[in-house]
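Asks: Heads up: the sequence lines are chains A and R, in that order. When the count follows my numbering, it moves up by one through the first sequence with no breaks and lands on 548 for the last residue. When the count follows my numbering, it moves up by one through the second sequence with no breaks and lands on 272 for the last residue.
One thing to keep in mind: the hints can contain errors.
Unchecked claim - So the derived label-pair ranges between C-beta atoms look like this: (1) R:247 x A:511: 52 to 62 Å; (2) R:143 x A:313: 21 to 31 Å; (3) R:42 x A:172: 31 to 41 Å; (4) R:29 x A:448: 44 to 54 Å; (5) R:151 x A:330: 29 to 39 Å; (6) R:13 x A:65: 21 to 31 Å; (7) R:43 x A:393: 27 to 37 Å; (8) A:11 x R:143: 50 to 60 Å; (9) A:482 x R:13: 28 to 38 Å.
Treat the hints as calculated values from the structure; they're not laboratory data. On a predicted model such as this, the values are computed, not experimentally measured, just so you know. Even for Gly, the Cβ is constructed at its ideal location relative to N, Cα and C.
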Amino acid sequence: MDIAIKDGKIVEKVNERKAKVIDASGMVLMPGGVDIHTHIAGSEVNAGRLLRPEDHFTDVEAKTAVTRSGVGHSIPSTFTTGYRYARMGYTMICNPSMPPLEARHTHEELEDTPIVDKATFPLLGDWWFVMEYLQQGMIKECALHVAWMMAATKGYAIKIVNPGGVEAWGFGRNVKNLDDPVPNFGITPREIVRGLCKVNQILNLPHTIHVHTNRLGQPGNYLTAIETMECVEDLATGMKPVIHITHCQFSAFKGDDWRTMRSGAEEIAKYVNHHTHVSIDMGQVVFTDTTTMTADGPWQYTLYELSGNKWINHDVETETGAGIVPFKYKRKSYVHATMWSIGLELALLVDDPWKIYLTTDHPNGGPFISYPTIISWLMSGRARESMLKRINKKARKRSLLPNIDREYSLYEIAIVTRAGQAKALGLKNKGHLGIGSDADVAIYNINPEKTDLSTNYRSVRRSFQKAAYTIKAGEVVAKDDRVVRSIDGKTIWADPGISSCLGHAQRSEVMQDLKERFRDYWTVEFENYFIPEDFLKVSSPILVTPEA
Amino acid sequence: MIILSPRYSFKVPIYAECLSPDVFAGKSLEEVLLLQAWEGNKQRVLKDLFSIEGEVDNPPDKITMQIGGDIRKVRMIGARMSFGSMIIEGDVGVHLGWMMKGGEILAKGNVDSWVGCMMEGGRIEVAGSAGDYVGAPYRGSTQGMKDGIVVIHGDAGNEVGCYMRGGLIVIDGKVGEFAGISMRDGTILIRGDCEGRAGAGMFDGKIIICGHVASILPTFTIDDIRPTVKINDEKAVGPFYRFTGDITENGKGKLFVAKDKNPQLSFYEKYL
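With the rest of the complex left out, here is chain A:
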């Protein structure tokens, strides 16, 4: 079968005599990879870079004729990030946590991340406006605010991190469960999640709400994760998902404390298998030295206390917070080994690959360059076994992995690494090779007809590490683990067209209110906050029409 490409799109056929032909016989061809959750740009990531000079000197890339130099293992510099993704055959990545105030910085860094297309999600779950409007039950007004914020920050989806908890952390507290009121706001995390889910439906944004659950990283939190999924169950219409639980592994702990901590993957997988309104991503842990960073300030404080490492804590005015802690996942640690097991259990126990996506929550669970290793674990029971032998004994005994025979096929890998993620993101032109889709193609040098992928997991890993060809927008950008051409990727953002949410009179009232409170709440003026479209190098807005 031939794939024809013309003008950056996949077309039915081209003039074969004039076209450049790539012979990919005996290889695996997939759409370009899509990463739904990877922290690669923004003030948080950059603070992580500053915090960790020791992460840089061990991993250095020299410049070539087409690429720039760069450094960094867990938090590579922007250019290196783009090149490394391209070399693995990825062409679209989503930066999932952008404090709206830092949107300019984030976009500047995304601009410097070459080759791949990118989208970024503003953090809105702990924004004062959202909480105040939701508390008063003013959903439509809230939707207008969110729509304005999407356009102002050139964001793509609503990201919610530890709803209410990040705000509470500003006062040294956290929320304990979905019904624990947020101090000073008289609103519960449940109301925030439900409210923003409704807002998401009103605005008709392409992606669902992207939720980092409450109590992340605490033993016993699998119940909170299931409750969070349950709390929006009634909002779903048809088969369409309404909530995405991100890096679910970190939200799937059973037990009362670290000693009794066990896997809650079975229960979560069971819930996901029986419901259509939810999608999740893995947040797989790999055993390496990495840097954790999230907007979840209280959780990062816990991590700092656990590890005793240096750390950064940050509060972003009225919007959100952040924390950064370097962390090393050790095979011999019971908790770390159990976390490793939970991620894989989730992926293997959720029957439908369209509901779970491969991520490491880069760099929280491990750097994105470890995706090929995770692919080999998913595709091969043997690969899992060989790691199981080397992990903590108690964790091995309690792991469900030895009882799971499932091995992903290449089709399933294509779904969890690109097709499913593109579908969840509502990207119609990505994650498939149909006529009219973007000509983003990855070719891997492995022949499933000749090689048993389950036993030769090392060659699986190798071939996914080094794509034979990566084609982005119809251009060969990487070949045999070498970037041959550096192009600018698009910045995809959702343009909800704020005009149609409310009536004209109401709209100007809400905007007036926004302007006034901007004075009181922010250090940045209303006029300077909005990022104009020409600020983006390659802007690619997706027009969304709000529900009437």
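Chain A is already provided as a structure; the job is to place chain R on it using the hints.
Replies: For chain R alone, kept in the frame of chain A given last:
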């Protein structure tokens, strides 16, 4: 024996990671002449920078390299070396014996900062004085010197043995502030005076100060007075006040301070 001496006076830093017996081993003189090094942002071959005489010894573990002249701008000499020996005639730049695993370096002049940075084995002996961060890790890292011996016959700067995890550092002269900061294990012997704040944030390990130190950090508690301290196979003769700390880190590091040289610390005796 192979002898290197600079062809001219270097104005910008030279990164010469290739100056190590591990790299030289098994190479002919012609090959050695073509090894690469950075002069500022320009890549050079060794023969542009140094005049090289003699030949590479065989077998490799008998390799002796002698570097003479003014090499204060030359960095990373002996980086990652694991065997052989190096003799450095004059003063030398930063990162001498970077991540060194074995072998021996003898520096006859003074050395700049970061001697034995992240060292894992071997021996470095300096006849002159050393700069700051003897046996310290790379910036930001907590993986300091793991093993090996560093002996400085002169003085040393600040933060000797920062994040040290093993091995022995001996300073015959005086040291600056924060000797053994955040130290995890290993031993630091200071025969001269110490400017203060010794052992700040230390978790474990041993610091012995035979000279004068104005004060001990308040986060150290006195244990007892010891007549001698054991250092590997040797003994330092005291008597010494023995302190434990740093208690802000729940540390159980031991700080020994000579009693005779520090009468101002005698008030601690009432807590015994």
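Asks: Indicate, hint by hint, whether the structure satisfies it.
Replies: Hint check results:
Judged by the Cβ atoms, the range 52 to 62 Å given for residue 247 of chain R and residue 511 of chain A holds: they are separated by roughly 57 Å. Here the CB-CB span from residue 143 of chain R to residue 313 of chain A is close to 24 Å, well matched to the stated 21 to 31 Å. Taking 31 to 41 Å as the suggested C-beta distance range, the pair residue 42 of chain R and residue 172 of chain A does not conform, at roughly 54 Å. At about 53 Å, the beta-carbon gap between residue 29 of chain R and residue 448 of chain A stays in the expected band of 44 to 54 Å.
At about 34 Å, the beta-carbon gap between residue 151 of chain R and residue 330 of chain A stays in the expected band of 29 to 39 Å. Hint check: residue 13 of chain R to residue 65 of chain A, Cβ distance near 26 Å, so the stated range 21 to 31 Å holds. Range check, residue 43 of chain R to residue 393 of chain A: about 50 Å between beta-carbon atoms, so the 27 to 37 Å window is missed. A beta carbon spacing of about 54 Å between residue 11 of chain A and residue 143 of chain R agrees with the range 50 to 60 Å that was offered as a hint.
As the Cβ distance of residue 482 of chain A to residue 13 of chain R is approximately 31 Å, the hint placing it in 28 to 38 Å holds.
Consistency with the previously given hints fails for numbers 3, 7, ordered from lowest to highest.
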